[in-house]
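Protein chains: 2
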Amino acid sequence: MKIPSGFKASALSCGIKKRGKLDLALIFSEVPARAAGVFTNNKLPAAPVKVAKEHLKKSNTVQAIIANSGNANSFTGNGGVEDAKKEALYLSKVLGIKAEAVLVASTGIIGKRLELEKIKNAVPSLVRNLSKNGIAKAARAIMTTDTFAKISSNEFSAGGGRVVITGMTKGAGMIAPDMATMLCFIMTDANITQRALRSALKEAVDKSFNCITVDGCMSTNDTVLILANGRAANFLIDAGSKACEKFSDALSAVCLNLAKMMVKDAEGISKFIEIEVKGARNDAQAKRAALAIANSNLFKTALYGENPNWGRVVAAIGASGIDVLEGSLKIRFSSLAKKDIFVDVNLNIGKGRAVVYTSDLTPEYIKINAEYN
Amino acid sequence: MKIPSGFKASALSCGIKKRGKLDLALIFSEVPARAAGVFTNNKLPAAPVKVAKEHLKKSNTVQAIIANSGNANSFTGNGGVEDAKKEALYLSKVLGIKAEAVLVASTGIIGKRLELEKIKNAVPSLVRNLSKNGIAKAARAIMTTDTFAKISSNEFSAGGGRVVITGMTKGAGMIAPDMATMLCFIMTDANITQRALRSALKEAVDKSFNCITVDGCMSTNDTVLILANGRAANFLIDAGSKACEKFSDALSAVCLNLAKMMVKDAEGISKFIEIEVKGARNDAQAKRAALAIANSNLFKTALYGENPNWGRVVAAIGASGIDVLEGSLKIRFSSLAKKDIFVDVNLNIGKGRAVVYTSDLTPEYIKINAEYN
Chain D
1 MKIPSGFKAS
11 ALSCGIKKRG
21 KLDLALIFSE
31 VPARAAGVFT
41 NNKLPAAPVK
51 VAKEHLKKSN
61 TVQAIIANSG
71 NANSFTGNGG
81 VEDAKKEALY
91 LSKVLGIKAE
101 AVLVASTGII
111 GKRLELEKIK
121 NAVPSLVRNL
131 SKNGIAKAAR
141 AIMTTDTFAK
151 ISSNEFSAGG
161 GRVVITGMTK
171 GAGMIAPDMA
181 TMLCFIMTDA
191 NITQRALRSA
201 LKEAVDKSFN
211 CITVDGCMST
221 NDTVLILANG
231 RAANFLIDAG
241 SKACEKFSDA
251 LSAVCLNLAK
261 MMVKDAEGIS
271 KFIEIEVKGA
281 RNDAQAKRAA
291 LAIANSNLFK
301 TALYGENPNW
311 GRVVAAIGAS
321 GIDVLEGSLK
331 IRFSSLAKKD
341 IFVDVNLNIG
351 KGRAVVYTSD
361 LTPEYIKINA
371 EYN
Chain S
1 MKIPSGFKAS
11 ALSCGIKKRG
21 KLDLALIFSE
31 VPARAAGVFT
41 NNKLPAAPVK
51 VAKEHLKKSN
61 TVQAIIANSG
71 NANSFTGNGG
81 VEDAKKEALY
91 LSKVLGIKAE
101 AVLVASTGII
111 GKRLELEKIK
121 NAVPSLVRNL
131 SKNGIAKAAR
141 AIMTTDTFAK
151 ISSNEFSAGG
161 GRVVITGMTK
171 GAGMIAPDMA
181 TMLCFIMTDA
191 NITQRALRSA
201 LKEAVDKSFN
211 CITVDGCMST
221 NDTVLILANG
231 RAANFLIDAG
241 SKACEKFSDA
251 LSAVCLNLAK
261 MMVKDAEGIS
271 KFIEIEVKGA
281 RNDAQAKRAA
291 LAIANSNLFK
301 TALYGENPNW
311 GRVVAAIGAS
321 GIDVLEGSLK
331 IRFSSLAKKD
341 IFVDVNLNIG
351 KGRAVVYTSD
361 LTPEYIKINA
371 EYN
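Chains as they are written, first to last, in this note's numbering: chain D, 1 to 373; chain S, 1 to 373.
What the hints contain is simulated information worked out from the structure, not anything from laboratory work. Check each hint, because a few of them may be wrong.
From the derived model, a few chain D residues whose C-beta atoms are all more than 12 Å from chain S [said to hold, decoys possible]:
1) I97
2) V127
3) R128
4) R162
5) L325
6) E326
Computed footprint of chain D on chain S; a stretch qualifies when at least three of its residues, placed anywhere within it, have a C-beta under 8 Å from a C-beta of chain D [unchecked claim]:
7) 38 to 46
8) 106 to 119
Each residue gets a CB set at the ideal place from its N, CA and C atoms; glycine is no exception.
Just chain D, with the same shape it has in the complex (with noise of 0.2 Å):
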């Protein structure tokens, strides 16, 4: 894995999880970061996402992340709201930066408060062992019902200088609201302005996040993260150019990476599912029709079955809403014995274009989330 210049991590058990689990980690820039951030759409963001946000809205740079697993500090009131802000202001302190430039994130059971005082305890420990091998290990510690950690590399020339992003994500699921929310956090040692950073990271999650889907469920902690610390070689990278061109480019793979190890790792799943819909009247109108096969339990059921069900995606789409002509609609399966199956659908009406990454539904995933608690 390639790590951007002046990027570490660490991460420890602070005790919010039982049996010594990892749960807290901190990523860290040895030099202030531009970032952007994108954040779940729930009308009851939990309190880390409030804070986050307040705090990109405050600051012009960042140099810190802070995340824990098994507890999402969610519908926790003000007092959580409260929690979040502490979490920074101590950790700042202990780094010698202002609080601003600090962003917090969490995962797990909502409706808890934090427990600050382990948190606290932790983090001197979590400062002093900063290290470049600690990014693997923070990619482990932001776990909930993931089975593997989840990281992605990428590096291009551009403007002079080599640039690498690497990304981490969690969450077995999109989106199991109280466990599996969907963290990432991506670091780069990228040369590049605010206003070309964040429009490649909404570009980039509009093509890899929102392009997955497990169950339909959208989080109330769905954070993702990008520190851009400007330590490569490269002239600045501004919005418009060739080099932003690529730099996106390179972001989007590193997301859709990321994006597609949720899915593999999606609770329950026995099938990865890529569904195309093609011919639609626009790339939006292919997106929507996209998803509602990739959310119809009664489709994802019939895959965990290898059941070549047309019929349902038939429904489906019908049921999108979008414009359809029964005489022009083709659909084709992939063999379904297999583990990577293939949807096409060509609506033929048009040239709008999706793809969507899902899972199939299983007793499996029954099990996962009917004994959580």
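Starting from the structure of chain D, add chain S where the hints point.
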């Protein structure tokens, strides 16, 4: 069971389904009846839906409904539409009425042409066997994965007469597109204007079938039909009258009974769940929130596990996009050990209220839908 005056029915096995199972039903009014229908919003409606809509437009009165199970005659192109028209035409000749006075409905597999000869051959005997007692048999003949027949009756006095309303429905999932399609046929002897009939049906459907969900999937065949033959001795009921209000209430009660029966027979159900959302900005927002909870796989799975995971209710409400304040939201579950469960949500910001009925999501649902072909 009360049966409205002047209605008969019959049912038999014509060979669409295997092993001699009932698969063809006829409902007949001795005199021409006013009729109204509510149909699926699916953009790929099945052939019988198209033909029933056309006949309702062309004709002021209806005298017969013919419905088959085992084949949805959906996604069958122009040929499928011709089949449905021929079916109506053939039956109309045997009954000695015009073709437009026959409505057709189908449920079952998507994408397979009807075996029209089997239906034609069965029509004479279907007509010969018409009787009051045939109504219970007809309710069985429209079943697919249903485990029991669903009939409900109601009566009231108005305008100098006693009016009876009797409905039958099928659907063991709301809605399993290629099989469980919701069909509902309602007979009444009320003497009622077209306008009043239509608005009462729309209101009843909104308060009943549009308040239940099993898997959030919309069928290509959903059809609700009502025939009012005026054989009761009441005066003509017009929209806006006190009698119309009584009719509307009685019809809504029949539909709600049938809707609850559908949920109780939901595929794989182990819990019958009533979700009440109150204190919303308005009724529409309350219903949106209630349906969002009811369609959350994570919520449904938690209840299957008897796991009072209200964090999933929080996440679903937030994801629904309605107005909500974290500090005002109250959620209460009844005992999860029982089969009937109540979930009370109070948003505490307005007077909007809605009640929605759903089932839990179980391994049995997956088994049924993974194996169905």
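Evaluated hints:
1. Every Cβ of chain S is farther than 12 Å from the Cβ of D:I97; the closest lies at roughly 30 Å, confirming the non-interface assignment.
2. Listed as outside the interface, D:V127 is consistent with that label: its C-beta sits roughly 31 Å from the nearest C-beta of chain S, beyond the 12 Å cut-off.
3. Every CB of chain S lies more than 12 Å from the CB of D:R128, the least distance being 34 Å, so the non-interface label holds.
4. The beta carbon of D:R162 sits about 41 Å from the closest Cβ of chain S, which is more than 12 Å, so the claim that it is off the interface holds.
5. Some Cβ of chain S comes within 12 Å of the Cβ of D:L325; the nearest lies about 9 Å off, and the non-interface call is violated.
6. Distance check for D:E326 against chain S: the nearest CB is about 6 Å away, which does not clear 12 Å, and the non-interface claim fails.
7. Residues of the region 38 to 46 of chain S lying with their CB closer than 8 Å to a CB of chain D number 5, which satisfies the three-residue condition for coverage.
8. Proximity of the region 106 to 119 of chain S to chain D, defined as three or more residues with a beta carbon under 8 Å from a beta carbon of that chain, is established by the 3 residues found.
In summary, the numbered hints that this structure violates are 5, 6.
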